[in-house]
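Please build the complete structure, drawing on both the sequences and the hints.
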Amino acid sequence: MDEAVAKLEAGQQADVFFPTIDVLGKLVAADLLQPLNHDLLPALESDNWGVFQDPYYDKGWRYSVPYTLYTTGIGYRRDHIPDDVIAGRDNPWDILWDPQYAGKVGAYPSYRDVMAIALMKNGITDLNTGKESDLEKVRQDLLALTTDVDVRISYSGAYSKLPKDLFWLMTAWSGDMAAGWGYAPPYTQEAYENIGYWFPPDRRGPVDNDLIAIPKNAEHPALGHAFINYFIEFQNAMDNFSWNAYQPPQNQADPDTLTTTEGLYSEVTTWAAPAMYVAPWMPSAVVRQEDFDVGFREGPLTPEVDDHWHDIWEEFIAGART
Amino acid sequence: MPEPSAAPSRRSARRAHRAGSSEGVHYPRWFWPSFSLPAILWLLVLFVLPFYTVISIAFGTVDPIFRSPLPVYQPWYWSTEQFGETLGKVFGIFSPVYIHTFQYVFIASAICLVLGYAIAYYVARYGGKRKALLLALLISPFWISYLMRMLAWINLLENDGYVNKFLMFLNVVDRPVGWLEGRPSTVILGLVYGYIPYMILPLFGFLDRIDVSLLESGRDLGGSPFSTFFRVTLPLSKPGILAGTIIVTLPMFGDYFTNNLLSGSPRTTMIGNLIDEAYSTTGQGPEMASYVLILMALLIVPMLYYLRSTARTAAGR
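Residue numbers (this note's numbering), protein chains in the order written: chain C, 150 to 471; chain V, 853 to 1169.
Read the hints as simulated data drawn from the structure, not as lab findings. Nothing false has been slipped in among the hints.
For lysine to any residue, the following SDA-like pairs were computed, each having C-alpha atoms within a straight-line distance of at most 25 Å: (1) C:K365 - C:V177; (2) V:K1017 - C:P335; (3) C:K286 - V:E937; (4) C:K156 - V:T905; (5) C:K156 - V:S908; (6) C:K156 - V:V914; (7) C:K208 - V:I917; (8) C:K286 - V:I945; (9) C:K156 - V:G912; (10) V:K1017 - C:A340; (11) V:K1017 - V:V1029; (12) C:K156 - V:V897; (13) C:K286 - V:S947; (14) C:K156 - C:G448; (15) V:K1017 - C:T337; (16) C:K175 - V:P916; (17) C:K365 - V:R919; (18) V:K1017 - C:Y336; (19) C:K286 - C:T274; (20) C:K286 - V:P948; (21) C:K208 - C:A375; (22) C:K156 - V:V906; (23) C:K280 - V:V914; (24) C:K156 - V:I917; (25) C:K175 - V:G912; (26) V:K1017 - C:G252; (27) C:K175 - V:Q934; (28) V:K1017 - C:N343; (29) C:K286 - V:G940; (30) C:K280 - V:I945; (31) C:K365 - V:P916.
Covered stretches of chain C (chain V as the covering partner; in silico rule of three or more C-beta atoms under 8 Å from a C-beta of chain V): (32) 152-163; (33) 453-460.
Since we're looking at a predicted model, the values are computed, not measured. Just so it is clear, CB atoms sit at the ideal spot from N, CA and C, and this is done for glycine as well.
Written as structure tokens, this is what we have:
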């Protein structure tokens, strides 16, 4: 995202841009986005969840429309960690710190998401905290990830190393898990169903969404609007969902049927058909509108707080205390 | 009619001067130095300018909104605060990373040298007419990109990969070895595999140019094969050893991909990973540039030794 923002800042032209929430305010402040013409985006009001008609990060959705939704939870292998083992723990988040899984735990190289999970483990739900006491707990937990479970850092862990049995547990975005079960060998139904995704049953966990916007210097803003409207129309959004497994906030997509409804992926592939929008064996990966009422968001951090977060993350990455 | 002179006349010398061809001709003073112009331009554009930019970022600031690095090119506005902080980390919480890196690079370079020397020696001395073919075969795997080769190693080293299957078939191990579970040995071997051709090529170049009569003289004077090797071949190939070592060592210090792909564990983080991490994180531009400068300062020592050594060798010829 930083590279994309840097290019936009340097004057590179694009007709559409896919920012994350934490940079949206900066892009607006730097006058790099243009206000959207709502008349050209009828699909937003007709097809998309009401919660995004006036989101907290973009009141009146002046500059952005929602793209995809995701939660951040734990991916796991059922052959080593049955569902009841993870769900039955007093604090399932702390399974990532359980020394009996040492060498088999993975984490994204994404400081906000991994530190958010450390906050959740400690019962801290402000995922943008700058409190010294909160961050010290996170720091201790991150360092413990190295000393106690010898964590591995990997973007591909959720969809590659879990299926290959290199990882048994992994911090995971719901979209990666919904897409990743069939990404790597051994390509058997038993292996697919062996991959699980845990997210708090009360849905009180990290939840977020990505965005689409139009840069101020767009050469074809009308085309950009047409593209966005196409992308957020029900069937097109669902086809995209079927392909990349990141769910769009579509009114017509009943969350209760996403694990039983085949998407475009079933039509274009033969090896994995039938492929539901979300694999039936990981229903927790379905995102619901109510999740945004009870879940917790990662928002922008002040520069000072961001530096503090990064210092902690850097200490973890450097394998301090080893 | 004057008699023809043995010495060239002024006119013919001037003609030859203009033509720039005949022996004993004087060229303008700028003629030969001008040949270095492309190299000077290359250095200015691709080294001096980027290096000054890195310094300007390290001692510069960040954009107040996006926190992207803002280089400060006027030295009188430079701030040393960030550089000082980074230096403090290098000697503090990041010292294990620097120690790892030096250990890994030292061991990997040593393995590259031992293996590379043996291979280069064999090809240079016993390759005969097949030298070019042998070199091409040795280098052939490296026509594939470094990233692809590392990804291939991941498949080979996985729990159910061919390496483990082979070791279990031979009963060397009774269960799969976790090669990819954050082992320093895997990172070191990855570095060796990635960089060994850059050791072989300069070594071969120097070993191939050693006059065989010098080796024969050593034997004629009563030297055993071993003493001839250690007293003749090895000293004569010292420039090749130094060149090869420098060529493999410098990129190894900045390598981050090998560790990312073959380990991924914070226990094996190298200096290159710190630079990569700072590069990819908002607001850490000055810190990233400081890491680069500190690494360069550390690498200047072996580089100066190499330059001094090659200068001595050249002077001794």
